[in-house]
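Engineer: Letter by letter, the chains look like this.
Protein chains: 2
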Amino acid sequence: MPDHDHDKDLDMDTNGLSTSASQRPHNVPYIHKIGVPPKQSLFKEFKTTVKGTFSSDDPLRRFKDQPKSRKLVLVLEAIFPILEWGRSYNIKKFRGDLIAGLTIASLCIPQDIGYSKLANVASQYGLYSSFVPPLIYAFMGSSRDMVIGPVAVVSLLLGTLVRNEFDPVTQTDEYLRLIFTATFFAGITQATLGFFRLGFLIDFLSHAAVVGFMGGAAITIALQQLKGFLGINPKHFTKHTDIISVMKAVFKSAHHGWNWQTIVFATSFLAFLLIAKYIGKKKPKLFWVPAIAPLISVILSTFFVYITHANDDGVSIVGKFDKRINPPSLEKIYFSGENLTKGFKIGIVAGIIALTEAVAIGRTFASMKDYQVDGNKEMVALGTMNVVGSMTSCYVATGSFSRSAVNYMAGCQTAVSNIVMSIVVLLTVKFLTPFVKYTPSAILSSIIIAAVIGLIDIDAAILIWKIDKLDFVACMGAFLGVVFKSVETGLLIAIAISFAKILLQVTRPRTAILGKIPQKSVYRNIGQYPEAIKVPGVLIVRIDSAIYFLNSNYTKERILRWLTEEEENLRATYQSDIQFLIVEMAPVTDIDTSGIHALEELHRRLQKRDVQLILANPGQVVLDKLYASGFPDLIGENKIFLTVTDAIHTCSPKLAHEV
Amino acid sequence: MPDHDHDKDLDMDTNGLSTSASQRPHNVPYIHKIGVPPKQSLFKEFKTTVKGTFSSDDPLRRFKDQPKSRKLVLVLEAIFPILEWGRSYNIKKFRGDLIAGLTIASLCIPQDIGYSKLANVASQYGLYSSFVPPLIYAFMGSSRDMVIGPVAVVSLLLGTLVRNEFDPVTQTDEYLRLIFTATFFAGITQATLGFFRLGFLIDFLSHAAVVGFMGGAAITIALQQLKGFLGINPKHFTKHTDIISVMKAVFKSAHHGWNWQTIVFATSFLAFLLIAKYIGKKKPKLFWVPAIAPLISVILSTFFVYITHANDDGVSIVGKFDKRINPPSLEKIYFSGENLTKGFKIGIVAGIIALTEAVAIGRTFASMKDYQVDGNKEMVALGTMNVVGSMTSCYVATGSFSRSAVNYMAGCQTAVSNIVMSIVVLLTVKFLTPFVKYTPSAILSSIIIAAVIGLIDIDAAILIWKIDKLDFVACMGAFLGVVFKSVETGLLIAIAISFAKILLQVTRPRTAILGKIPQKSVYRNIGQYPEAIKVPGVLIVRIDSAIYFLNSNYTKERILRWLTEEEENLRATYQSDIQFLIVEMAPVTDIDTSGIHALEELHRRLQKRDVQLILANPGQVVLDKLYASGFPDLIGENKIFLTVTDAIHTCSPKLAHEV
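Residue numbers (our numbering), protein chains in the order written: chain A, 1 to 659; chain B, 1 to 659.
Quick caveat, the hints were computed from the structure, so don't treat them as lab data. Please note that a few of the clues may not be correct.
[Said to hold, decoys possible] Computed cross-link-like contacts, DSS-like style, restricted to lysine-lysine with a CA-CA straight-line distance of at most 27 Å: (1) Lys608(B) <-> Lys93(A); (2) Lys92(B) <-> Lys608(A); (3) Lys608(B) <-> Lys281(A); (4) Lys377(A) <-> Lys281(B); (5) Lys252(B) <-> Lys608(A); (6) Lys485(B) <-> Lys252(B); (7) Lys469(A) <-> Lys93(A).
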């Protein structure tokens with residue numbers, strides 16, 4: 001593949017910058033002009049930017065060049081994906097969905113009752129939230145594997161935030177109304193983000209922060225279960241969720257006596273659940289063992305209490321249960337006053353956390369089965385289901401990771417498994433609740449502990465430590481914030497550290513000195529490639545970042561320092577001075593006015609030192625802006641090159657051939 | 001320069017990734033291994049990061065390998081640069097400094113009196129601030145050209161913020177005390193930022209935002225002068241600074257009658273000042289004309305009022321004047337209570353704005369004379385002078401652009417010109433104040449208007465528009481915020497837009513499809529170089545950004561969309577499918593755990609489509625993190641290359657030679 005001494009190819013247009021073919025000496029290889037693309041119109045530029053910001057795909061591509069009636073069908077299909085996949089639905093798929101639906105129903109019923117306690121609401125509300133929302137999601141959602149319902153972290157978050165406003169015991173009615181209000185606004189938040197294609201906002205929670213937050217929430221949730229697990233009277237327990245308050249309350253309550261029957265009960269069932277979980281992990285074929293273990297625990301323990309009347313010995317039970325099915329709750333939502341504001345704020349936080357979980361689940365399973373989930377459409381579906389949920393006595397529902405995994409393993413085919421599950425939940429509320437009354441609270445605590453243990457992802461934390469120390473700081477910050485202070489604090493810390501990290505990295509870009517890789521015409525970081533050779537009389541610096549106001553001065557000063565150091569070294573060894581400073585611009589993805597000022601300043605400084613500034617390989621955007629500012633005229637038109645090699649050849653042909 | 005078919009150079013260590021020499025077919029050129037540098041220890045890595053964050057230079061380099069006594073001298077010289085440059089001071093330099101010092105004194109005296117009005121304090125405080133702070137700066141500062149004193153924007157900012165707390169007319173004492181408290185904390189803020197080498201924080205105000213903010217402040221200041229200019233009674237004027245309130249107040253006050261003598265006075269002197277300014281601009285040699293014009297105006301108008309007793313006809317005059325020289329004000333500073341908090345907050349804002357101005361001036365003149373200004377040391381000097389100033393009846397002083405320019409033009413040599421100026425100011429306060437009493441306020445308004453007009457930099461705004469539309473939005477946001485609402489609002493808007501811009505650009509990185517430049521072995525964006533040729537069967541994508549949690553999903557989806565579009569095109573034209581996806585990683589300056597997850601996800605998706613993922617030219621940091629996460633094992637060890645050319649040669653040698 002020859003890359004030199006070609007004089008043809010002169011039919012290109014001549015708005016280039018490099019020395020033209022006729023000027024250059026014969027021994028210099030072919031030098032390609034730097035590409036200056038035609039300027040886009042302002043409107044077009046704006047349109048491209050906006051489009052790129054709001055979606056990685058092109059949502060309207062499908063609608064192009066279609067007749068009107070077809071467009072209507074496409075719109076309906078876009079809102080209700082069930083219309084699309086429903087057409088190819090068959091009995092074979094239904095078999096898979098039925099088995100999966102029954103399995104996840106058996107898992108979700110005891111979990112739902114337990115999670116209601118985390119949200120400080122009566123048990124039926126958890127079940128309600130596993131009836132209406134999954135039904136709506138089945139029609140509107142695009143994930144085939146996600147199971148909808150209340151989840152531990154969101155229940156805890158909602159419970160904590162709403163309890164800051166009202167006491168769930170003495171102000172039950174206001175508390176419940178605020179829960180519905182928050183649920184309504186959580187739904188509105190989700191649908192709005194999706195509708196305006198602002199889904200990218202949830203990316204603001206980094207993976208590291210989510211790992212830490214989830215781990216911390218799991219520990220907080222487990223700590224809350226000590227109450228039920230040890231049979232401590234709730235009156236003697238703390239309302240704080242941090243580990244110190246909870247442990248204090250636990251030891252203090254030891255004076256009032258723990259209930260030994262409860263502890264035996266809870267411990268043995270927890271052991272059973274954990275063993276079941278272990279079996280499921282070791283033998284993927286036995287996935288149904290951990291899936292139905294909770295239901296078996298509930299049935300066994302309820303039966304046991306029912307016949308032994310252990311509740312008279314102080315074993316706490318779930319107690320009376322509302323048999324109505326999802327009573328309307330629209331009139332309970334606060335649509336005015338300061339409670340509206342409170343519900344709005346809590347709703348935004350809960351809605352975004354719920355979204356983060358659902359989107360992560362949707363993406364994970366979609367990638368395992370290789371289908372597409374449209375994040376923005378998904379948010380509209382989740383939002384709608386929560387808005388409707390808030391009017392039918394549900395609290396915030398979202399995708400549950402543990403149930404979705406069971407659903408996947410059980411061989412679900414479509415969202416019909418959600419429909420099956422919700423029907424089973426409906427029948428449970430209608431006909432089985434008299435029995436649920438006798439379910440001991442301790443069993444629910446065991447079920448929750450067994451469920452949330454999976455949220456503590458130590459492997460992920462270790463990997464984060466290995467990859468990026470600052471990410472690990474964000475992860476631990478979120479974790480410790482949740483465990484030692486509160487869920488909100490942990491969230492705030494996670495977001496703050498994630499942002500600070502990005503700003504820090506933008507503020508302090510890396511720069512590198514490049515040398516020539518032996519036997520290749522490429523130039524690389526001499527730190528990374530110690531065998532790379534510096535070109536005498538030339539200093540090649542690469543700027544590893546866009547140049548913004550945040551880093552423009554630093555970058556300029558850093559380059560000047562490289563030059564000073566290099567010159568000192570050269571003088572110490574009696575070598576010739578630097579005559580050219582070549583800046584490799586490939587990683588400079590963007591530049592702003594401050595950045596251009598810094599380059600101008602750099603040029604002036606270099607002039608004073610008799611060093612020529614040369615730019616290599618600026619990208620399209622950077623080049624456009626350099627031209628707009630007149631920078632090429634300032635440093636001289638023929639000082640911008642396609643590659644470092646070209647620059648070296650042109651600037652100091654003699655030196656280049658010595659290497 | 002041959003870059004192919006060399007089989008020597010096998011003595012390198014073998015921790016590389018590329019196919020080794022013995023494996024590759026004979027017609028493939030020499031492929032250099034990708035550089036995997038030895039892992040740094042955690043402590044060393046941390047040290048490097050911290051060092052890089054806090055300084056572009058190495059502040060302790062000078063102290064290395066020096067005896068103790070010499071170190072002490074160096075430390076003293078570092079704190080008081082005057083010890084260093086003072087040794088080579090001579091009579092010739094003093095001549096320059098004396099002339100410059102007298103010139104700037106004549107400019108600063110009327111300006112100081114005017115700016116005191118912006119800060120709502122009595123006239124002498126402006127003069128005080130031109131006495132103590134410049135003296136201290138002369139000993140500690142490292143700029144040779146900067147003139148210290150009160151400036152328009154900081155005076156306005158301080159006046160506005162403090163007036164929100166106390167009324168300057170009815171609560172004069174509390175108002176003044178809060179001014180000193182704010183000045184004290186402004187100094188503390190500046191010194192702290194410098195001492196902890198946090199100077200980079202002022203870079204958070206982008207050039208565009210500063211241009212807009214200054215322009216807006218200039219208009220706001222000019223509007224405030226309408227009061228003095230039209231001879232409106234302050235009682236009938238508004239306290240708001242936005243353009244709408246001020247214009248309303250001006251027209252309303254027309255009923256009470258404007259003072260025609262004042263208007264004639266003010267207009268003619270404004271015309272005189274503007275003409276002087278124009279002359280100075282056209283003929284740089286006549287720089288002294290605009291410099292002494294304000295003093296001449298003051299002398300003429302004061303003399304005129306003195307003999308005509310125009311003050312009896314309603315021409316407002318400066319009035320009585322305190323003759324004491326910088327009375328101590330330490331006991332006036334609030335060191336406790338809520339006024340401490342207020343002063344602290346205002347001080348931080350005023351201190352940072354003052355810093356921004358001073359650092360910009362310091363840099364500008366240092367670059368014109370090619371000497372170094374150490375930003376952090378400079379901040380310690382400015383901070384110290386304001387702390388001492390707050391204890392000697394001064395308010396926040398900083399570098400003044402207009403006076404520094406005059407100083408430079410007048411041939412100043414060192415900071416001694418500041419000393420000369422401060423002595424002249426001292427003598428003025430001591431002996432000339434009886435005359436200042438008769439100076440008409442209108443003249444001061446004219447002087448201020450003439451001075452601040454220079455802050456409106458329309459050329460800069462036009463350039464910003466040309467270079468970067470979003471920068472222009474930040475600029476206009478700051479401008480309109482200041483003009484239509486308040487100085488604080490403008491500042492907030494400027495900072496918010498600057499940040500949003502960076503986050504937006506981090507969130508939505510650019511990606512580009514690369515093609516081969518004819519006759520060269522380099523691959524460039526086909527959008528920028530339309531002549532670049534795509535390699536059949538291969539899609540080369542360049543990611544133009546670090547991959548962070550903010551953009552990892554977007555980047556992944558965008559690459560998959562490029563692939564889908566490309567495959568659709570190929571199928572439409574019956575060409576062979578894509579077999580390799582090469583990701584050019586040169587601009588990927590960093591990656592975090594979310595980014596690595598996205599790459600893993602991309603690899604899985606590509607596997608499903610029978611496309612192989614290949615990485616080219618990852619940087620050192622990225623490579624370290626990829627290895628830490630085990631990513632190279634996942635995609636296959638020999639899938640990472642030094643250049644796209646190497647990747648193409650190895651992956652599809654047949655295809656590469658067809659091009």
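Engineer: Each of the hints needs a verdict: does it hold here or not?
Structural biologist: Structure-based check of each hint:
no.	hint	verdict
1	Lys608(B) <-> Lys93(A)	holds (23 Å)
2	Lys92(B) <-> Lys608(A)	holds (25 Å)
3	Lys608(B) <-> Lys281(A)	holds (26 Å)
4	Lys377(A) <-> Lys281(B)	violated (61 Å)
5	Lys252(B) <-> Lys608(A)	violated (58 Å)
6	Lys485(B) <-> Lys252(B)	holds (20 Å)
7	Lys469(A) <-> Lys93(A)	violated (46 Å)
The earlier numbered hints that this structure contradicts are 4, 5 and 7.
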